[in-house]
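Asks: Those protein sequence lines, which keep their order, are chains A and B. Reading the first sequence from the start, the letters are residues 12 to 492 in the numbering used here. Reading the second sequence from the start, the letters are residues 252 to 568 in the numbering used here.
Not one of these hints is a red herring.
Quick list of in silico lysine-lysine cross-link-like pairs, BS3-like style, CA-CA up to 25 Å:
hint	chain 1	residue 1	chain 2	residue 2
1	A	137	B	527
2	A	467	A	251
3	A	456	B	527
Since the hints were derived computationally from the structure, they do not count as laboratory data.
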Amino acid sequence: MKKRILAAVLATASILGTVAGCDSTNTSSTAPTESKDNNSSTTEESKPEDGGETKEEGKVLNIYAWNEEFKGFFEKYYQGLEWEVELEDGTKEKKKFDKAPGLETLKGVTVNWIINPSDGGVYQQKLDAALQAQSGAAADDKVDFFLAEADYILKYTNSDFTMDVSTIGVTTADTQYNYTVQAASDADGKVKGVSFQCCPSALIYRRSIAKDVLGTDDPAEVQKKLGTWADFDAVAAQAKEKGYYMTASYVETFRTFSNNVSSAWVVNGELNIDKAIEDWTTQAATYLDKEYTLPDGVWGDQKNAQMFAEGKTMCFFGPAWYYNFCMGNAMDKEKGCYGDWAVTTGPQEHFWGGTWILAATGTDNPTIVADIMKAFTVNEDVCSALIENEAQFTNNSKVNEKYATDPKFGNAFLGGQNDVALFVELAKGIKFEHKTNYDQLLSEKYPEYMLDYFQKKITKDEALANFYKFVNDTYADVKTP
Amino acid sequence: MGKKHKSISYAKWGYIFIIPFFVVYAVCTLVPLFSTFLYSFFDYYTTMDFRTIGPNFVGLQNYIDMFTPDRTGAIDLLNYTGNTLLMWVMGAVPQVLFALVLALIFTGIRLRIKGQGFFKTVIYMPNLIMASAFSMLFFTLFSPVGPVNQVLTQITGGDPFLFFSDIWATRSIIAFINFLMWFGNTTILLMAGIMGIDQSLFEASSIDGATSKQTFFKITLPLLIPIIVYVLVTALIGGLQMYDVPQIMTNGKGGVDMTAQTLVMQLNRMIGGVTKNYGKAGALSAYIFIVTGLLSILVFKVTGNSSGKKKAKKGGK
Chain A
12 MKKRILAAVL ATASILGTVA GCDSTNTSST APTESKDNNS STTEESKPED
62 GGETKEEGKV LNIYAWNEEF KGFFEKYYQG LEWEVELEDG TKEKKKFDKA
112 PGLETLKGVT VNWIINPSDG GVYQQKLDAA LQAQSGAAAD DKVDFFLAEA
162 DYILKYTNSD FTMDVSTIGV TTADTQYNYT VQAASDADGK VKGVSFQCCP
212 SALIYRRSIA KDVLGTDDPA EVQKKLGTWA DFDAVAAQAK EKGYYMTASY
262 VETFRTFSNN VSSAWVVNGE LNIDKAIEDW TTQAATYLDK EYTLPDGVWG
312 DQKNAQMFAE GKTMCFFGPA WYYNFCMGNA MDKEKGCYGD WAVTTGPQEH
362 FWGGTWILAA TGTDNPTIVA DIMKAFTVNE DVCSALIENE AQFTNNSKVN
412 EKYATDPKFG NAFLGGQNDV ALFVELAKGI KFEHKTNYDQ LLSEKYPEYM
462 LDYFQKKITK DEALANFYKF VNDTYADVKT P
Chain B
252 MGKKHKSISY AKWGYIFIIP FFVVYAVCTL VPLFSTFLYS FFDYYTTMDF
302 RTIGPNFVGL QNYIDMFTPD RTGAIDLLNY TGNTLLMWVM GAVPQVLFAL
352 VLALIFTGIR LRIKGQGFFK TVIYMPNLIM ASAFSMLFFT LFSPVGPVNQ
402 VLTQITGGDP FLFFSDIWAT RSIIAFINFL MWFGNTTILL MAGIMGIDQS
452 LFEASSIDGA TSKQTFFKIT LPLLIPIIVY VLVTALIGGL QMYDVPQIMT
502 NGKGGVDMTA QTLVMQLNRM IGGVTKNYGK AGALSAYIFI VTGLLSILVF
552 KVTGNSSGKK KAKKGGK
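Pulled out of the complex, with its shape left as it was, chain A reads as follows (with noise of 0.2 Å):
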C-alpha cells in the first residue's frame, strides 16, 4: 500500500513538474516581463485597493522599447533618477534633475521596460505578440505604452492596439512638428501618440578634411560647395585624390534618398522601386567602384572606426540622436576627434527615425502615460534639458526656437556650432508621405542584397531576384515582379 500511495505521489509530482514546465515556457514566449518579481509583489499590495471605490491606476508601468536612448531621458527627466557626469578633470558629478514631473506621478509605481533590438524586425514581433495578448494578460502584465520608429509606426496607428490619446487628455500642441502629428495619426485622422523628438537630418562633416578638401570648415560655405548630388559626386572625387573616402558606408545616403521618392514601396500590393531608390542604386554602384566609400553597412564596425581621429572619411548623415547617441567613436577621450565635427544642410532635406510614444489600448495606467506624453512635449523644463544636457532636437518648437536664437548656444561635439539653429529651419521642409507598413525591413534589406551586385559578384538582376526572394519569403501579401 505504502509503495502505491508513493507512487502515485511520484506520478502525479512528475505530471505537474512536466505540465508546470511546459506552462511556464508558453507565458515567457508570450509576455516576457524582466522582474517577475516585483509584478508578484506589487499585485498583492494593490489587490485590496483594486476592490475600494476610488479608481486606482496599476502600480506597474510596463514599457516596450528597442534601445535605452529614451529609457536614459525618462529615468533623469521624468522619473527624476540621479545620474553621473563625468566633468572635463575626469572627476565624476552626481546630477538629478529636480523638475522631474514623475517624483510625484511614478510613486509607488515600478516601472518595467522590455527591451528588444529592431534588427531584422525582433523588436516589431516581441512587440505583437504582447500586443495580441493584451485583453487577456493581468493589469500589471499589460503594456502601457510603447515606442516605435517611423518605419513602422503606421502599422500600429491603423490598429486597434494604440488609443486615441485625446481620449486620456492629450491635446496636440501648437508647437508639435507637423510631421510628427501626421506620423501618429492614423487613417481617420485620430491622433494615437506623440513623438518627443523632431529628426530633420543632417550632413555632419569632419571640419579639419574639409578644410584639407575644400578650403574651409566654414558651414555656409561647405554648404555652398555640397549643395547638389552633382557637387557631392564632385568633391567624392576630389577626396579620393587627397586619400579620403566621401562617405564610411555604402547605405551612408540610402536614407537622403529614401525620404525623397515619389511613391511608397509597396503600391497596391505590388513591390515598386521608386526612381529615387534606383539612383541611389547607382550612385552606391559608382562609389564602392571608385572607393569613395566602404562596403559596410549604417551601422557596421568598419564605418565606426572610420569616426576615429584617424579616420579618412568626410561625411556622415544623421539627426540629432545620430551624432549624440551613435558617434561614441568620435566622442572617444583618447581615439576621438571631438570637436572636429560640424553640421550643414547637405544635397537633399530629409529626416531620419524619430521615436514616438504610443499609447496602449488596454493600459491600466492612463493618467501616467498621458503625464508622460505632455512631459516629453510641452513641458518647457523637460525639452529645455534635453536640449543642454542631451543635445536633443525636442519636439517644441518654442523651446527650439529659443536656443536657435541664444547666440550663446552651441554644441561643443560641433566645435561650439548652433546646431538648433540649422535643425529649425531643416524641420520645416520634413514630409511625412509614401509610407507603408513594410518600410523598415524593406529599407534594411534592399542594399544588403544589392551589395552582392556592387561588390560585382553577381550581376544587377540576379541581386534583384535575391532581395525579390527575401519579400516573398517575408510578405506573402505582397508581390514581385
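Take the given structure of chain A and dock chain B to it, following the hints.
Replies: Just chain B now, with coordinates in the frame of chain A:
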C-alpha cells in the same frame, strides 16, 4: 486477496510512470507536428496589418511553388539544401576524423596520457558555449577591422580581406565553427565506443604481433562502426538543422548571392519574422523532415550493412 496478489503486474507501473511523458509529448510535440503537415496544404499567413489570411485549402500548391524555378532558372530549395549539406560535410568530415584520432590517443594503452580529465574537459568546452556567442566572436574576429584583418594588413600592407563578401571564406568559417563546437562531443562518444571494445582482442592482436595500423583497421574500426553510424546520423540531423551560426554570420541575409542560406534559415524567414506564413513554412518543414529521413536511412544502409556482417562473423566464431 490471494487472487489479487497473483495478478500483480509490475509492468503496469512502468506504463503509469511513462504516461506523463507521453501526454506531454502528444500535446507539445505530436499535435504541432501533425498540424504542421496539415497546414502545408493550406494558404495560411499573417500580414503586417495584423490580419490572418486563410486557412484556405490549396492542395499541393505550396509544394509546387517550392520546386518552381525562379527567374534565373534555379530552384532555390535545391540550392539551400545543397548549401546546408555542403557546409555540414565541410565541418563533419574533419570533425569525425579529428575526433577519431583524439579518441585513439586518449584510449591508447601504450601512450597512457596523464591528465586525461583535463584534456577531455578542454576539448568539450567549446560545446558549452552558445552557438550564437561563438558566431559573434568569429564575426568580430574576421570583420574588416577585426584582429585577423589587422594582422593580415600588417603583413600584406594592402586593404583588409572581406571574409564575409567571399563565398568560400564565409562557408569555411561556418563549417569551422561547427567543427570546433562538435569535435569534443564526438571524441567523447568515440572514446566510449573504443573503451567498450573487449580489451582481450587488443591483447591477442599484440601477442600475434599486429602492427598498430593493423590493430586499428582490423579491430578498432570494424567494432566501432555502430558508434560511428550513431555519430554520423545524429550529426546529420543536427547538420540539416544548421541555423544559428550562418544566421548570425550573414546577419540573416544568407551570404553572398544566398550561398550560405540553409534550409532552417529559409524556414525562419517564413515563420520567424514580423509575419508568419504557416502554409509555406509547413511545406518546407515537411520537406526537411523527408530529406532528413531519407539521408538517415542512406547513412544507415551504407555503414550499417558492414557492421551487420561483422556482427554475424563475431556471432559465428
